[in-house]
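Undergrad: Keeping the supplied structure of chain A fixed, place chain B upon it in accordance with the hints.
2 protein chains.
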Amino acid sequence: MTDERESGWTLDPKYDANGLLTAVITDESDGAVLMVGHMNAEALAKSMETRTAVFFSRSRQRLWQKGESSGNVLHIVDMRIDCDQDALWIIARPQGPTCHTGARSCFYRKLTDEGLEPV
Amino acid sequence: MTDERESGWTLDPKYDANGLLTAVITDESDGAVLMVGHMNAEALAKSMETRTAVFFSRSRQRLWQKGESSGNVLHIVDMRIDCDQDALWIIARPQGPTCHTGARSCFYRKLTDEGLEPV
Numbered sequence: 039m040t041d042e043r044e045s046g047w048t049l050d051p052k053y054d055a056n057g058l059l060t061a062v063i064t065d066e067s068d069g070a071v072l073m074v075g076h077m078n079a080e081a082l083a084k085s086m087e088t089r090t091a092v093f094f095s096r097s098r099q100r101l102w103q104k105g106e107s108s109g110n111v112l113h114i115v116d117m118r119i120d121c122d123q124d125a126l127w128i129i130a131r132p133q134g135p136t137c138h139t140g141a142r143s144c145f146y147r148k149l150t151d152e153g154l155e156p157v
Numbered sequence: 039m040t041d042e043r044e045s046g047w048t049l050d051p052k053y054d055a056n057g058l059l060t061a062v063i064t065d066e067s068d069g070a071v072l073m074v075g076h077m078n079a080e081a082l083a084k085s086m087e088t089r090t091a092v093f094f095s096r097s098r099q100r101l102w103q104k105g106e107s108s109g110n111v112l113h114i115v116d117m118r119i120d121c122d123q124d125a126l127w128i129i130a131r132p133q134g135p136t137c138h139t140g141a142r143s144c145f146y147r148k149l150t151d152e153g154l155e156p157v
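Protein chains in written order, with the numbering used here: chain A, 39 to 157; chain B, 39 to 157.
In isolation and in its complexed conformation, chain A is listed as follows:
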């Protein structure tokens, strides 16, 4: 099934019941996934305007610019949207580590049959 949202050239995000899109951030240098966050319409507009990643925090129920306290901002290089417009892929240039643990990426563990292991 192809519709205007899928095949058209108009940005028409399909927000979920909480008004959010999923946003995947990858590093422009090597494609590593750095983090996954959520954006409401305001966060998306702020991200496009500032060219830095701004999310909506589900736990704090407020907008936050990634790096607002740590300084580890994500500079946006390119933004893409998927077929049904409910997910964003943002290619970014990270200023410092992305994860609040200090790791470069939030995805610092891999799944094995025995549990988790460091990447």
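Wrong hints could be hidden among the right ones.
Intra- or inter-copy, both count: the list cannot distinguish identical chains.
Pairs of lysine-lysine, DSS-like flavour, derived with a Cα cap of 25 angstroms [what the hints assert, rightly or not]:
hint, residue 1, residue 2
1, 52, 84
2, 52, 148
3, 148, 84
Calculated directly from the structure, the hints in this document are not laboratory data.
TA: Showing chain B alone in chain A's frame:
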């Protein structure tokens, strides 16, 4: 704040209110994001068991193996989980195009100030 879920070596997914995790699929060949889907506990178990991506369809409310009808299966190379264990990064070897539109990736459009453009 560091806790066992963040720093430990036990797989302990933090499912959302609908019992789902976000799963990002990238292509092992070049790191392109191919799609974003959702997995419940059963989909995650099936994915690990079959080493192919199995999702939970929110629209159809059932498990589906990506490629079950098209044949375009995603062979899992590596699976990673993020700091708070509510998102998965799956590095995959795609068998054919991933998007149901026939595109290699669901992210075939980029955002510009004027709307969307082909990547």
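Undergrad: If any of the earlier hints don't hold here, list their numbers in rising order.
TA: Those not satisfied: there are none.
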